[in-house]
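*Asks:* Using the sequences and the hints, build the whole thing.
Protein chains: 2
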Amino acid sequence: MQITFTGTGGAGGVPRYGCECVACIRARLQTQYQRRPCSALIETDQVRLLLDAGLMDIHERFPAGSLDAIILTHFHADHVQGLFHLRWGKGAQLPVLCPPDPDGCADLYKNSGILDFCQLEPFKPFEVGDLTLTPLPLNHSKVTHGYAIETSTGQRFAYLTDTVGLPEATTRFLQSWGAFSMALDCSHRPQARPPANHNDFNLALEIINQVSPSQAWFTHLSHEVDCWRLEEGFRLHDNLAWASDDLIIKI
Amino acid sequence: MQITFTGTGGAGGVPRYGCECVACIRARLQTQYQRRPCSALIETDQVRLLLDAGLMDIHERFPAGSLDAIILTHFHADHVQGLFHLRWGKGAQLPVLCPPDPDGCADLYKNSGILDFCQLEPFKPFEVGDLTLTPLPLNHSKVTHGYAIETSTGQRFAYLTDTVGLPEATTRFLQSWGAFSMALDCSHRPQARPPANHNDFNLALEIINQVSPSQAWFTHLSHEVDCWRLEEGFRLHDNLAWASDDLIIKI
Ligand SMILES: [Mn+2]
Ligand SMILES: [Mn+2]
Ligand SMILES: [Mn+2]
Ligand SMILES: [Mn+2]
Ligand SMILES: [Zn+2]
Ligand SMILES: [Zn+2]
Chain X
1 MQITFTGTGG
11 AGGVPRYGCE
21 CVACIRARLQ
31 TQYQRRPCSA
41 LIETDQVRLL
51 LDAGLMDIHE
61 RFPAGSLDAI
71 ILTHFHADHV
81 QGLFHLRWGK
91 GAQLPVLCPP
101 DPDGCADLYK
111 NSGILDFCQL
121 EPFKPFEVGD
131 LTLTPLPLNH
141 SKVTHGYAIE
151 TSTGQRFAYL
161 TDTVGLPEAT
171 TRFLQSWGAF
181 SMALDCSHRP
191 QARPPANHND
201 FNLALEIINQ
211 VSPSQAWFTH
221 LSHEVDCWRL
231 EEGFRLHDNL
241 AWASDDLIIK
251 I
Chain B
1 MQITFTGTGG
11 AGGVPRYGCE
21 CVACIRARLQ
31 TQYQRRPCSA
41 LIETDQVRLL
51 LDAGLMDIHE
61 RFPAGSLDAI
71 ILTHFHADHV
81 QGLFHLRWGK
91 GAQLPVLCPP
101 DPDGCADLYK
111 NSGILDFCQL
121 EPFKPFEVGD
131 LTLTPLPLNH
141 SKVTHGYAIE
151 TSTGQRFAYL
161 TDTVGLPEAT
171 TRFLQSWGAF
181 SMALDCSHRP
191 QARPPANHND
201 FNLALEIINQ
211 VSPSQAWFTH
221 LSHEVDCWRL
231 EEGFRLHDNL
241 AWASDDLIIK
251 I
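If you read the protein sequences in the order shown, they are chains X and B.
The first sequence begins at 1 in the working numbering and counts up by one.
The second sequence begins at 1 in the working numbering and counts up by one.
Note that these hints are calculated values from the structure, not bench results.
It is possible that part of the hints are untrue.
Copies of the same chain look alike in the list, so a pair counts if it works inside one copy or between any two.
[As the list claims (entries may be wrong)] No more than 25 angstroms apart at the CA atoms, straight line, and that leaves these computed lysine to any residue pairs for SDA-like:
{"no.": "1", "residue 1": "Lys90", "residue 2": "Glu20"}
{"no.": "2", "residue 1": "Lys142", "residue 2": "Gly165"}
{"no.": "3", "residue 1": "Lys142", "residue 2": "Glu206"}
{"no.": "4", "residue 1": "Lys142", "residue 2": "Asp103"}
{"no.": "5", "residue 1": "Lys110", "residue 2": "Thr132"}
{"no.": "6", "residue 1": "Lys90", "residue 2": "Ile248"}
{"no.": "7", "residue 1": "Lys124", "residue 2": "Trp228"}
{"no.": "8", "residue 1": "Lys124", "residue 2": "Ile251"}
{"no.": "9", "residue 1": "Lys110", "residue 2": "Val143"}
{"no.": "10", "residue 1": "Lys142", "residue 2": "Arg61"}
*Replies:* Pasting the structure below:
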C-alpha cells in the first residue's frame with residue numbers, strides 16, 4: 001500500500017496565520033515546510049481512501065469518482081472542514097466512514113448532500129477493496145478513532161491521531177497485531193506536564209516504546225515542534241521520522 | 001468606496017463538484033466563470049472590511065493585519081468556513097461583527113482563537129473607520145443580516161444575501177434611505193413556486209421594483225442560474241447586472 005501524507009499540520013497548520021516564529025517564516029519562504037491539515041491518502045491497486053477531510057481544496061484535488069471513501073478520525077473542524085463544500089456535489093454518493101459521534105460537526109449530518117455517513121464500531125474490522133481496517137479508539141476531546149489498516153498480503157499500517165496517550169485496549173490491540181508501521185500524533189514539543197488533548201514528544205516516544213512499531217512517522221505537527229527541532233537539531237532513532245506534506249511511503 | 005466581489009457563488013459554488021452541466025464544464029475550462037463562496041471586500045482610504053468568510057483561503061488572501069474587521073451575514077458554513085483555520089492565528093484579535101445568532105457554527109464561539117465575535121443589533125448603525133453600517137434583517141433559515149453601508153460623503157451600498165424576499169422593515173428602511181446601489185441574492189432561475197430560503201430571479205426582480213436601487217448586481221448565483229442564462233440569452237435592464245468573481249465596482 002502507498003501512503004501520501006497530504007497534510008501533517010495540527011489545527012492552524014504551519015505557517016500559522018500571523019506568526020513570525022522561525023518555523024512559520026521558513027514555511028512562508030519555502031513551501032515544502034508548510035503543513036496543511038492532517039490527513040493521508042491510502043492507495044492500493046484496488047482502492048483509494050482519504051483519511052480525514054481537513055484539506056480545504058479536497059474538491060479540487062480529488063475529482064468526483066477518484067475516491068472510494070473518506071474515513072474520518074473525528075469531527076473536529078480541522079479534520080472535516082473540506083466536507084462543507086464537497087457535500088454539495090452532484091452524482092454518486094461518497095461513503096464517509098466515521099466514529100459514532102452523535103453530533104458530527106455543524107450541520108453535516110442534517111445537510112449531508114452527496115456524503116453517505118456510516119458510523120463504525122470500535123475494534124470491528126471492515127473491508128474496503130483489498131484493505132481491512134479496524135477502528136481503534138483514541139483519547140481526545142471528541143469521539144475519535146485511529147485505524148489499523150492491513151493489506152491482503154499482510155502489510156500493516158496504523159494511523160493514530162488525534163490522541164493523548166492511547167486507551168489500554170488500543171495499546172493491547174497493537175501489541176498483538178504483528179509487525180506494523182505507524183503515523184502518530186506529536187502535536188507538542190516535550191512539556192513538563194503532558195497536554196490534555198494531544199501527545200507531546202515525550203508521550204509519543206512512550207507510546208512507541210509500548211507498541212514497538214517497525215517504523216513510525218510523527219504527524220499533526222505544530223509550529224512549536226518545528227521551532228524546537230530547529231533549536232535543538234535533535235536526531236531521531238533510525239526507525240522514527242518526522243512526516244512532511246506530500247511525503248510518500250510504501251508499506 | 002470600492003467593492004470587490006471576492007465570491008459570487010451559492011453553497012457548492014460553480015463548478016459544482018462532479019457536475020457536468022454546461023455552466024460547470026465552462027467554469028472548469030475558463031476560470032473566470034468560477035464562482036467561489038459568496039463574499040465581498042469593501043475598501044475605502046481608511047478601512048478594509050471583508051463581508052462573509054466562506055473563502056477557504058482567507059488566511060492566504062488576507063495576511064494578518066490587512067483586514068480591519070470581518071462582517072458576517074450569518075453562520076451557514078458557506079459564509080464562515082474560512083474562519084475554522086484563520087482563528088488559530090497569532091497576534092492581534094480580529095473583530096468579527098455578526099448577527100445575534102446564539103449558536104454560531106460548530107465550535108467557533110467556544111474556540112474563537114484570534115476572532116473577537118461581536119453581535120450586532122438590527123437597524124442599529126455602527127461605524128468602522130469612515131463607513132457607517134446598518135444591519136438589516138433578512139429572511140433565511142438562520143439569523144441573517146444584510147448591511148446598508150454608507151460613506152462619509154453619502155455613497156450608499158446595500159449587501160443583501162442570503163434571503164428570500166425581504167422583511168417589511170428592511171424594505172421600508174431601503175425605501176427611505178436615498179439613492180443607493182446594491183448586491184442581491186439571486187440563487188435560483190425563475191421558479192413556479194418561489195423557493196423557501198433564497199430568491200429566485202422573479203423574486204429578486206420584485207425586490208428591485210420595491211426598493212428601486214440605482215444599480216443592482218445579482219450574487220449568490222448557482223450553476224442552475226448560469227445554465228439558464230446560457231439557454232435563454234436573457235438581457236437585463238441597464239441598471240442590473242450579474243456579479244462575477246473578482247469584479248470590482250466603485251460606488
Ligand atoms: Mn486535529
Ligand atoms: Mn482534534
Ligand atoms: Mn449561502
Ligand atoms: Mn445561508
Ligand atoms: Zn509560528
Ligand atoms: Zn453544474
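*Asks:* Now, for every hint given, state plainly whether the structure supports it.
*Replies:* These are the hints, each one checked on the structure:
1. Lys90 x Glu20: between (41 angstroms within a copy, 9 angstroms between copies)
2. Lys142 x Gly165: Only inside one copy: Lys142 and Gly165 sit 15 angstroms apart there, 40 angstroms across copies, limit 25 angstroms.
3. Lys142 x Glu206: Answer is within: at 23 angstroms inside a copy they meet the 25 angstroms cutoff, but 47 angstroms across does not.
4. Lys142 x Asp103: Result: close both inside a copy and across copies, 10 angstroms intra and 19 angstroms inter.
5. Lys110 x Thr132: Classified as neither: same-chain Cα gap 29 angstroms, cross-chain 37 angstroms, threshold 25 angstroms.
6. Lys90 x Ile248: neither (31 angstroms within a copy, 31 angstroms between copies)
7. Lys124 x Trp228: Cα proximity of Lys124 and Trp228: none, with 39 angstroms in one copy and 49 angstroms across.
8. Lys124 x Ile251: Within one copy, since 23 angstroms is at most 25 angstroms while 61 angstroms is not.
9. Lys110 x Val143: both (19 angstroms within a copy, 18 angstroms between copies)
10. Lys142 x Arg61: neither (27 angstroms within a copy, 31 angstroms between copies)
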